[in-house]
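Engineer: Residue numbers (this note's numbering), protein chains in the order written: chain A, 1 to 328; chain B, 329 to 448.
Hints listed in this document are in silico derivations from the structure and should not be mistaken for laboratory results.
Certain hints may be false.
Said to hold, decoys possible - Derived lysine-lysine pairs resembling BS3-like cross-links, with alpha carbons at most 25 Å apart: (1) A:Lys-238 <-> B:Lys-427; (2) A:Lys-157 <-> B:Lys-435; (3) B:Lys-370 <-> A:Lys-238.
As the list claims (entries may be wrong) - What follows is a list of derived Cβ distance ranges for each label pair: (4) A:Glu-307 <-> B:Met-387: 47 to 57 Å; (5) B:Lys-445 <-> A:Ser-285: 31 to 41 Å; (6) B:Asp-372 <-> A:Leu-39: 58 to 68 Å; (7) A:Ser-285 <-> B:Met-417: 18 to 28 Å.
None of the values given here were measured: they were computed from a predicted structure.
Beta carbons: idealized from backbone N, C-alpha and C, even for Gly.
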Amino acid sequence: MNTEDESLAFTSKILVCEENIDILETIKVFCNAHNLTTLKVWPENILEVLQSSIDLGGIFLYDDINGEKEGIQLGLELHRIRPELPIFLRSNSLKSVDELPEDMQKPFAGVYQLDTIDSLKDLLDIYIFSIFYPNIMVRQFHDISVEVLHSQFSNIKVISAIPYVVKDQIIYGELFSLIPLESNWCRGYMMLQTEESSVASMISLGNTLISHTGYTVDFRDVNAVLGEITNMIWGRIKAEFFTGSPDAIALRTQVPIIVNHGSHYVSFGSTEPQLCFRHEIVDMSEKALKPIVLYQKFIFNLSWSPEDFPEARQAEEDLVESGELELF
Amino acid sequence: MKKLLVVDDSATVRDEVAGFFKQNGITVLTAVDGKDGLNKIKMDTAIGLVICDVNMPNMDGLTMSEKVRSELKSQVPIIMLTTESDPAMKQRGKAAGVKGWIVKPFKGASVLPSVKKMLA
Chain A
1 MNTEDESLAF TSKILVCEEN IDILETIKVF CNAHNLTTLK VWPENILEVL QSSIDLGGIF
61 LYDDINGEKE GIQLGLELHR IRPELPIFLR SNSLKSVDEL PEDMQKPFAG VYQLDTIDSL
121 KDLLDIYIFS IFYPNIMVRQ FHDISVEVLH SQFSNIKVIS AIPYVVKDQI IYGELFSLIP
181 LESNWCRGYM MLQTEESSVA SMISLGNTLI SHTGYTVDFR DVNAVLGEIT NMIWGRIKAE
241 FFTGSPDAIA LRTQVPIIVN HGSHYVSFGS TEPQLCFRHE IVDMSEKALK PIVLYQKFIF
301 NLSWSPEDFP EARQAEEDLV ESGELELF
Chain B
329 MKKLLVVDDS ATVRDEVAGF FKQNGITVLT AVDGKDGLNK IKMDTAIGLV ICDVNMPNMD
389 GLTMSEKVRS ELKSQVPIIM LTTESDPAMK QRGKAAGVKG WIVKPFKGAS VLPSVKKMLA
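In isolation and in its complexed conformation, chain A is listed as follows (with noise of 0.2 Å):
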């Protein structure tokens, strides 16, 4: 991520399921101007991308598949299996999605035609893009999560793609880490998700702070590592943004948070876009071990008033130095 880039823009992944190379093109112009990154799928393949892809914004689709309407019925099942995914029809027959049958309409957020395809862009702000993250906080975030890493992690490098905002609810990995954010301007939490085996390497290769000498590595020793990254990442960023408190009213709004082991499903009780950084943590030596990779998302599911947002970190003078002990 440059974070010298001011202009820093969101992004999302899309799956676009086309056939003919010309409109696929079209597409992809289309959403290369709106901050979109296309993944091309064919009707025969959707699916299996669909269950391998946990990080997507949304599906483009075309109702006549096969010459048949088939992508109205496709739209029903990828809805059946990815109820969160908005999906833009692209139709040569329907002008609305009105008229589709009344038990046909849910899946669809839109229906376009490839010349009015810029009309897709006011269905783009109110499903994917209609929550407002400042570049500020998302720059910040992203520079405090890399310094943690850096601190839990030794002989590495980060790599960060650039921040993007996600509809999905689909866990990735076989562990994820969950802490409150609670402030005046935001509710809601932090995620870091990731695989087992790929910290249980860097614990064992002794690039963690964990003692890993005379015993196996099991799955404890990664929850501590990603127990401990979460926790510094929440304490950095309360120290540093949540300069005021929830009234105590706001704090008695809960809503269940309902994980789906088996379908591998997190809900928060809300679709709102969220904000997603991705992380690969890279073993610097000669061992060439698999990359860690951690999803962290930020789920403002409670609370969000991003024009409260304190722009500025609290001035230098107000932050202890980490590290050096103050005594009273």
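Here the structure of chain A is known, so what remains is to put chain B in place on it, guided by the hints.
Structural biologist: Frame of chain A; chain B shown alone:
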């Protein structure tokens, strides 16, 4: 030299902090939360310094510090090692008899001289 007690629910931090001080010739005990820490302080009078996290399950570090003073009537020095740097939190620490405050991440070399002095 007296013993050092490290109280933290994070195994990562316990390993890191305890490992550093052991390498520097200090006898270190560990506890997994404030309740465990309080019990260890009660049972072992050779503990001469406590390094303790704030946010822990079962009993947080500040509550433990308050109980060390009020229930155990012990004056063992307690230093908080935490991600918290909120002045109000520190003020509560002072009121609870906390001797010092370290904001994570832990940098052993910078605190070693003070720790050795307190344990001497």
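Engineer: Would you mind marking each hint as holding or not holding in the structure?
Structural biologist: Hint by hint, here is what the structure shows:
Of the pairs offered as hints, the one joining Lys-238 of chain A and Lys-427 of chain B holds, with about 23 Å between alpha carbons and a cut-off of 25 Å not exceeded. Only pairs whose Cα atoms come within 25 Å are accepted, and Lys-157 of chain A paired with Lys-435 of chain B is accepted, the gap being roughly 21 Å. Restraint check for Lys-370 of chain B and Lys-238 of chain A: the C-alpha separation of about 33 Å exceeds 25 Å, so the hint is violated. At about 38 Å, the beta-carbon gap between Glu-307 of chain A and Met-387 of chain B misses the expected band of 47 to 57 Å.
The given range of 31 to 41 Å is respected by Lys-445 of chain B and Ser-285 of chain A, whose C-beta atoms sit roughly 38 Å from each other. Take Asp-372 of chain B and Leu-39 of chain A: their Cβ atoms lie about 60 Å apart, and the range 58 to 68 Å holds. Distance hint check for Ser-285 of chain A and Met-417 of chain B: the Cβ-Cβ separation is about 39 Å, which falls outside the suggested range of 18 to 28 Å.
Hint compliance for this structure: hints 3, 4 and 7 are broken, all remaining hints hold.
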